[in-house]
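S.K.: Protein chains in written order, with the numbering used here: chain A, 1 to 491; chain B, 1 to 219.
You can trust all of the hints, since none of them are fake.
Across the chosen pairs, the derived CB separations fall in these ranges:
| hint | chain 1 | residue 1 | chain 2 | residue 2 | range |
| --- | --- | --- | --- | --- | --- |
| 1 | A | 168 | B | 217 | 25 to 33 Å |
| 2 | B | 201 | A | 53 | 23 to 31 Å |
| 3 | B | 205 | A | 78 | 47 to 55 Å |
| 4 | B | 67 | A | 399 | 55 to 63 Å |
| 5 | A | 61 | B | 202 | 15 to 23 Å |
| 6 | B | 201 | A | 197 | 44 to 52 Å |
| 7 | B | 127 | A | 53 | 39 to 47 Å |
| 8 | B | 58 | A | 83 | 20 to 28 Å |
| 9 | B | 171 | A | 337 | 40 to 48 Å |
| 10 | A | 277 | B | 158 | 49 to 57 Å |
| 11 | A | 55 | B | 154 | 39 to 47 Å |
| 12 | B | 205 | A | 425 | 53 to 61 Å |
On the chain A side, residues computed to face chain B include the following (Cβ under 10 Å):
| hint | residue |
| --- | --- |
| 13 | 19 |
| 14 | 20 |
| 15 | 31 |
| 16 | 50 |
| 17 | 137 |
| 18 | 167 |
| 19 | 168 |
| 20 | 231 |
| 21 | 418 |
| 22 | 441 |
Source of the hints: derived by calculation from the structure; they are not laboratory data.
Even glycine gets a Cβ: it sits at the ideal position worked out from N, Cα and C.
As a plain string of letters, each chain reads:
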Amino acid sequence: METGTPLSAGTLYDKVWTLHQVAELPGGSTQLFIGLHLIHEVTSPQAFAALRDLGLGVRHPERTVATVDHIVPTTSQARPFADPLAEEMLATLERNCSDYGITLHGLGSGRQGIVHVIAPELGLTQPGMTVACGDSHTSTHGAFGAIAFGIGTSQVRDVLASQSLAMGKLKVRRVWVDGAMQNGVYAKDLVLHIIRSLGVKGGVGYAYEFAGPAIAALSMEERMTLCNMAIEGGARCGYVNPDATTFAYLQGRPCAPSGEAWERAVAWWSSLASGPDAVFDDEVRFDAAAIAPTVTWGITPGQGIGVDEAVPTLEQTEPDERPLAQEAYRYMDLTPGAPIAGLPVDVCFIGSCTNGRLSDLQAAAAVAKGRHVAPGIKAFVVPGSEQVAAAAEAEGLDRVFREAGFEWREPGCSMCLAMNPDRLEGRQISASSSNRNFKGRQGSASGRTLLMSPAMVAAAAISGRVSDVRTLLDAAGATAPDRAPVPAAAG
Amino acid sequence: MTSPSAPFPFGAIASVVGTAVAVRGDDIDTDRIIPARFLKCVTFDGLGEQAFADDRAELNGAHPFDHPEHQGATVLVVNRNFGCGSSREHAPQSLMRWGIRAVIGESFAEIFYGNCLALGIPCLSVSHADALALQAAIQADPAASVVVELETLRVSLNAAADSAAVGSAGASWPLTLADGPRRMLLSGQWDATSQLLAHDGQLRATAVRLPYLTAFSAV
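Just chain B, same shape as in the assembly:
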């Protein structure tokens, strides 16, 4: 189930709010996030339905992405080395189209991290203990409201009004995000295209000093 009404990230991103979903396990690769057969497409439309397709089929309704209480979740909480393997942007695209707007995890594979950033989806790091605590809190109270703050770099979880899981009320954990990506998201400059195009003169200057673009006469 996707959240078709939620707009894709746009402009400055200071916080992500909503509910959260935990997908446990280390080294979850992009083939598992979106199996290769779904890459046979010329647009990203429709990939939201296919997120974790094979894992969900294997678990026959028991995957967190199939739990009714997690439909509409905007924050995904994962463990170590999430998004390893293939560079396919189809992976973050499928998560985004399912409704995810921020990923919190112990660590991320580099290409996946950059692909998320290019879509305005922050990948924020937490310690192993905090990841487990956050995942447990989400499981205990799936309706709890989650706030991810890029300014203060904290995630807080507030129990749903009708929840008996008072233990998670008001809980908060520190997040890590490198200063560069954080500033890019906060300022709305995470989409690099216009910045890259702004440096026309420098691009020309670089090209003329590259030996392999000048028959090695610039050596």
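Chain A extracted, bound-state conformation:
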């Protein structure tokens, strides 16, 4: 493609893919240029070791950005960490970034945090980019109209060495969402509902384009929650076409374009959206108004139900899903046909790359304010980044949470995957705003996880059991903080 050539018609995915094509490779895959490479301490050390073994350098150190998130403690972040393995991982990252000239947003820099929280808030993630990171939740960045996907460590090595990857092109499924979400229903509920409907492997081979009136109405942080969990539906990337909401979010951020470049950027970004002539490989439709606060009851993110529903019986389960359902009944110790509301929980976790942003904390605080965590419940809030923590503290959310009996922690991935000291013990059951309810995911081999929105986690903490947050919001008269209120009668 020549400089200045108009982008071809088609989907955003097609346009971005074409622009970043470097070459066709002998095996039939495409060499794709990676515009933004994000790295962290868990999946990069072996990649740097491989570079050293091969005698290779980093081709575009200015297009790689690092932070530390998975292993950081959330109580005290003083160095050295109490855990020598965690300390070694961070020290290795620091040395690698220093050796190769890569910017590291470290602890106390004011910019540290979960990689999928900090890149958007710094304005690093922009429409039309290809974004790769050794983390499956890289799909988050698709919220900006970027093509963003998780990679393994061998591919991290390849991006460091060549700023490119060998990739196969995906098909595109448009996930169209009509209507407006009810009060008390959030992007997390929407995506859990979509995965429940399409299955955890329904998206394999696809990128998901999220579109329609309900998607257009979402804030950027809500779009990030939605795209974050595309991978839980099997889709390696999910994206939303860039629009005025996207541009308003980006304007003024440290790494976003400014001045005259801003105007040119907006013009280009606007041209990337899937056109009316775009052809999709598949399309599915949902009605946002029909979605209830959603909770997972099983051991995959697809095993979700409305909070007012019961754990599905075997008879209500598709035949080929029944073995997994039976495994889930056993592991979760749940009775088929029993309501999910009222199920007692032990631990309540608010945070993660899915739901650790300011609006998530605002939604949870609106529920917690003036109430108190039930006796015997451990409840804690882990902001997604140092910037989120500072913004939350500036509006007093830390105080709201503390007064309600929640612990207010330092930023990191925390109990989403329990690589730090935050974990379940034994068969404890958590209400969690994270993204995976896999067996053993939260640090105990027999621990159990119920995925839900941050507001629903706060409601569970207050009552000590799974509860419909809408009843608490009605009492408080609160709404989802950064979305326009919708009439209670909607849908």
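Since the structure of chain A is provided, determine the placement of chain B on it from the hints.
M.R.: Below, chain B without anything else, positioned relative to chain A:
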């Protein structure tokens, strides 16, 4: 138990031979293949011991990876959506270091599939019925010799000489593998790094046409 003597994949891969082990179940995620606590490391060494660590502990010796007759197996046979979840390459690394050189299953999660390919480990697909038949045959005769052929795309199982399980003798099933990955493995070009680096001029040309690398002056 790992097979420390077996070299890691190298060069052209036309076939994988040895014995097989079946791990049953749909949606087995990478947290189960290698729990997150084992990701606290700066090398992949030692991950072979930890493959399926929590599932094995839960089953207290009854997991297929703990069965004496499956030690040294090179072919893993699984069901649907194997390797879903986290992108951690630690998962295929742990399987490879345990001794696995090919995975046969009904379907695979995409990132896991690509991570395996980058290590020279083919992920081959079979039908639901064939996966069940293959798993049953392996269970009936764990010592049977297995041959996975990438050229003909078939897996065959031959009863061990001392086996009474004559029913599995000479059985063979068709496999599916996309043409691209198949050619990459057969030609020894599954390690992409050198191919990517060979296109220096094209990489430069791509960078200069990307608006966000040129202050949007290339729009």
